[in-house]
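Here's the letter readout for the chains.
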Amino acid sequence: MNHIARTFGFIALGAALTATSAMTPASAQEDTIKVGILHSLSGTMAISETTLKDAMLMLIEAQNEKGGLLGKKLEAVVVDPASDWPLFAEKARQLIEQDEVAAVFGCWTSVSRKSVLPVFSELNSILFYPVQYEGEESERNVFYTGAAPNQQAIPAVDYLMNEEGVERWVLEGTDYVYPRTTNKILEQYLLDKGVAAEDIIVNYTPFGFSDWQTEVARIKEFGSAGKKTAVVSTVNGDANVPFYKELANQGIKAEDIPVVAFSVGEEELAGIDTGPLVGHLAAWNYFQSVETEANASFIEEWHAFTGDEARVTNDPMEAHYIGFNMWIKAAEAAGTTDPDAVIAALPGIEVPNLTGGISKMLPNHHITKPVLIGEIQEDGQFEVVSETDDLVPGDAWSDFLPESKKLKSDWVDLKCGNYDTEAEKCIAETAMAEPATEAAKSN
Amino acid sequence: MITGYFLRQGLNRWIIASLVVILAIGILVPAANLLLPAGHPLHVPSYIVALFGKYLCYALLALSLDLVWGYVGILSLGHGAFFALGGYAMGMYLMRQIGTRGVYGDPTLPDFMVFLNWKELPWFWSGFDQFWFAAIMVMLAPGLLAFVFGWFAFRSRVTGVYLSIITQAMTYALMLAFFRNDMGFGGNNGLTDFKDILGYSIQSDQTRAALFLSSAVALALGVLLVGALGASRYGKLMVAVRDAEDRTRFLGYRPEFVKLFAFTASAVMAGIAGALYVPQVGIINPGEFAPANSIEIVIWTAVGGRGTIIGPIIGAILVNAGKSAFTGLFPEYWLFALGALFIAVTLFLPKGIVGTAMHGWDALQRLRAARRHEEGRHDGPAASQPEAAE
Amino acid sequence: MNVIKRMTVTRSIAALFAVLAVLLSPSMATAQDSDVALRQAIAGLGAEKGYARLREAINVVAQTGDPRAARVLGALTEGDVYRRADDGAVVIVSGRGQQLTLHDPVTGEAIGTAPKSALDKVRVNNSVRRSVRAALGGLTLAAGDPDIRMTAARTLIATPDPDSLAAIEKAISDEEDDAVRDALENARAGAILFSGADPETRIAAIETIRNMGGQQALSLLARMPASPDQGVLQAAEDAAASVQKRLQYWGLGQNIWYGVSLGSVLLLAAIGLAITFGVMGVINMAHGEMVMLGAYTTFTVQEVMRTSFPGLLDWSLPIALPLAFLVAGSVGFALERGVIRFLYGRPLETLLATWGVSLVLQQSVRTLFGPSNREVSNPSFMSGAFQLGEISVTWNRLYIVVFALVVFAVLLYAINRTSLGLRMRAVTQNRRMAAAMGIRTPWVDALTFALGSGIAGIAGVALSQIDNVSPNLGQGYIIDSFMVVVFGGVGNLWGTLIAALSLGVANKFLEPFAGAVLGKILVLVFIILFIQRRPRGLFALKGRAVDA
Amino acid sequence: MSETALALAEPDEPDVMTGAEVAASGKPAGHREDTILYLDGVSVSFDGFKAINNLSFLLREGEMRAVIGPNGAGKTTMMDIITGKTRPDEGEVFFNGNVDLTRHDEPAIATMGIGRKFQKPTVFEGHTVDDNLALALSGVRSIFASLAHRRTIEEERRIVEILETTRLSHLRHTSAASLSHGQKQWLEIGMLLAQSPKVLLVDEPVAGMTDAETAETARLLRDIARSHSVVVVEHDMGFVRDLGVKVTCLHEGSVLSEGTIDHVSADPKVIEVYLGR
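If you read the protein sequences in the order shown, they are chains X, W, R and H. Going by my numbering, the first sequence opens with residue 1, and the numbers climb by one from there. Going by my numbering, the second sequence opens with residue 1001, and the numbers climb by one from there. Going by my numbering, the third sequence opens with residue 2001, and the numbers climb by one from there. Going by my numbering, the fourth sequence opens with residue 3001, and the numbers climb by one from there.
Any given hint could be a false lead.
Result set (DSSO-like, lysine-lysine): computed pairs, CA atoms no more than 27 Å apart in a straight line [claimed, not checked]:
id : chain 1 : residue 1 : chain 2 : residue 2
1  : H       : K3120     : H       : K3050
2  : X       : K228      : R       : K2245
3  : X       : K227      : R       : K2245
4  : W       : K1195     : W       : K1119
Since the hints were made in silico from the structure, they are not lab data.
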């Protein structure tokens, strides 16, 4: 009998929960503007994304202290998509449809972004995406505040070629779309620069790869052929720690074979004993060690907000900083948070970044950023060894991939994310016309 | 005719009741979404339609697992693989439907192949531009995998934990394989950015309603199928194999074929669930093969009550609704709640929610029967539904 | 404003120069004259910004030929050289925090302290470090300690320079240590390859290089400038081929080593599971989290050592071992008492409950320690690698292999020879009989589970040395662990050992041909097929079956 | 559960084995063609341990035979070999004089007409007594046929008949899980009968039964033996005596002695084996 009572209790609980989940929007308060935060707080990506959630909460709090936006307070709506890609889409839908957020800041992996894209275009909302990515995309509803490949990979390779005299290249990456695309672009770039094909090897390992012995030994062997060798690493997340540990233990020093990474920042280094890694490089658009006033106060604020002096800042955080400020400025300019108005207002908006420059939102929904090359220091920070003179505009479509060379994105004049400059037409538009004819046929 | 067959199999009233409920939900929810205006108190927002559509697919998936676990006693820790294969088959069709609307405007190649410089469509992508072909593959791919895998495993009499672990190895290997970009299935990003299905925009409320209804119908058919199988002599045989495999063998049955049939049928069901799931969530990626996902399916089934028909359905919906609610309400703490739920259910409701309820119901019936001194009376409700065995 | 991480891992170069300075002190008086020149040169290090200028300044310092220059150059690569803001003096700095101790760049004597804000760091990059290294090579050939001379000779081999031939030849004639002389001979041969020497000399040098062997020889032969002489070319080609061939044999050994080392990691990960799952039949999905707890215990111990007992830092691993065992063991104990004991006889349900436990444990750690990776550094005795012929063996891997085997042996002993082990076996074989004989079976169950969990915790200590310490740590090992235990045969410890090692080696042999991903897939397919052949694993346990 | 029955299983009562009658033992006499079961020179070993060593055994059509022997004598392994569970390393095993059983697996052998009851009662606990018997009934064995199968009147009649034979009629709709130990044994015998086998192999049918149940079981088996060939493996000497049939005593995997119960129990080799250690 006891069992039955318990069972019914459970069912009632379940029903109550379902009901609550459906009820949440009802409690929406009219006097706030909601901002969605869509970062994984559990699962494999929590490692990287939790910090971004905290950074957003800090930015929103700071903005509210300054008086909010358009006379209203901002309210953060945090959800946990749990590193589960379909759940990203579900949560995005919930944020936009139920919670009626004005904009969403979120996603880290390419696949999570791809998963939410249709939701944002269907429900016409705004996503700020803060992570360096493979490019080859420009959506009306998405603003890319992280680096496109030309804002990270190519300047890094230039530095190694010119400053370190590297002639032989190992492109080591995790097997997913960002490394694949980046390496494709780099390979073409290197070949164009006159590097012989046999002086490039490309290698992919799975996610979370932890046994690097063979791979590192191979790099060592490849590097002992006499020519100066460097590793361009697009190894992702969890696999980095064992990778660097193995590099250090097999005695690969930065002076011999430098490794330049595009996915290793201050946050990732916090998990590694950096002593043996001094001199290895990373290319980003921001380092915590950059000495500017804006950065110093940002870091101070961050430490105050988290109550932890040891918390580091990193590049995607700066991207959110820029993106958030751009959104505020655009909404103020438009006088509303209505997505269409804000989307129209965003291109051309300029806000200071943390490295002393002014970043600008471009018509292709990417931004201008400086490219910094940093060497890992003993204290887990980077020391900038090279910096581009000007800000580099983000390029949605790479010039080093045959199919995307001809494409151009311009949401201001052309109103198109993939304009074919050869055929002089917008691919998305011509395609839009087609299903109508098809539907007509089927009727 | 078919109905007649099922009726002859003596479907009990529980199954009929759940059929009615499922179909009613299948019709009412989309109707409330489409017909009622947004402000109406009974209006169901599209968000809920998409969400429940997903739950219905999960319910079908859990039911398919229940067929092999609850009835035949095969604990598959790799059922996610069949689900994902069905999903990929559907995803490939949806990819081909994009046509020139990809970002590069290539008429045949999906975007991910274009930027990886693939020049032509791999052979295994051919045919997927036809819905009928994709529909067949949705069932054939998981069915074939299950058949081949089962053929070897069951004939070699791999049982118990060993079987569970190799099913896990199977889905893990498939996950690694599908993660490889060289496989030609889009690697980690999987298949996404779908435009339309059978000529209807995948984002329209009408299409979504139709998909919702299809999921409900598929689930109802699943219930019907499992109910009919369970009530047939074959169903008794499944339970017999679960309880005493050796005995069936010495009675002249071939338990490996009993298992193989159930395993294959279950894989096909899982594949259909996957195929309906993909257009509703808009993405299929190798993460669906992750062993953790398969374990979750087991958990839904167990929470609801394995060996019962409505148990896994209720379990799948309840756990996922809880997950949806918790991840929004307590994003930082929902894993505690979920973890605690699993522990509590195993400890306090070993037969699952429905199993326990039925047990209570049975006890009640028996009590009444005893009071009326009706000896030997066959009490109906749970008789055709096997009890969860240890 | 940031945590200043431990500034110096005791790295070989730093130690080397400390020793060097002591050894050179008697010669100080005679070096009085060059003192001014050296100080002047050193002042140049702090003069101008820009790496190119810095490199020039380094060469100026090196050209003084004064062995005492090694101190400041060594400190430079460590990032310990600062420029005092007020007077522009170059100083070497030690200590941490805001107040730093200053040292004279020539003598190394402490010359007071200064706040960090009053100092500018002399920034270095890779190319600067390379310049320093090259400069040091020449400076240390005359050192008193043969080990230092050896290092110098090795540096010379790696950076062949015809200009240093004279110096090398002088060093050879002065050298008394055979090993160092051999190394110097190799260095000379290397330098000759790059010089314009006559063909005979070069062929002889090629012969020397060929005998030296190894990857480095191959590299030297590949890099040497093309010679118009056919004989030289032929000799170089032959030598390269012969070196290559030798390397191939060594490569086989290297692969086996990699495999054994991967296998030992698998063994460590799986061995606790061999108890909780193999012996007790609990499908323990929280096993990975026990490993994770062990890793986090290591992290905590290391943090405590770092902040409170810096002298014991290198001992944090040995200290963490028993603690990790206790932490994971008591969590295991609590888990058994609180959850699992209600589930005996229902193995598949333990899967559910322990899965729930694993979620809770993961999230607890995430809440307590934060979601990001935590740093657990290698103690100095586990850093680096040594050469065994042409096989490069990293110390941390070697320690892990040895450690895994020791854990295995201890566990085997515990189960077969101790009274708990005896009771454990009695209970698993016949619970009722054991109970009838007065064994407190619930107690034994709890202890057994605690033992399995504790061992997993110990594994976590070892794995923290090669992998991420993050809340996801356990998830990465759980599947592999189950594969190992099942492949080896449930309930058989020896099976687990053999399975772990053979899967490790198989994986490493497949990796070069098939790539890491395909290699792993092939191993999984192999396991699936193998289980078809032997449905109870490699070493099937007779009689009692852990069956679902 | 009767303690006496268990005690009887221990062959420590020499008085049972008095009145010896000497008969020839060793290689089975007679031709393969006349037998229903024929084992000759069968050996099987597990990891070096010879479970069956050059065993020869034959059973004529309609005969009932009791097999006794100490633990580890190879009784169960012999059954495993006959039913196809274990393949012999060497030797011949024939059914009906001409069917080589070593070439068939368990289901095939079962359908040929060899039924087996396990030492530990094994019934389908998730089913009722009725369903247990229905599943055992000879006939439908293919998966697809079983999908559409409906119970026929003939089947119904047989079930009722078997229920009566096994005295389980009043428990027809009870779950097998709730039967007593003895009832499970009978149900399993009933399931064997439902198979309509030619030969029944019955492994320790009275283990754990009360005296009354034991006597009842002996009666049941004698009934069955009228129309079937039966091999009974049993420890309980009183029960074997009750059966009143020819006895084969196994030891270390081969036949030690064969004949009437009096003959076998007086055989000095048997006494030595049972008491000598």
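Check your understanding: Hint by hint, which ones does the structure fall short of?
Key -> Nothing - there is no hint that the structure violates, so all of them hold.
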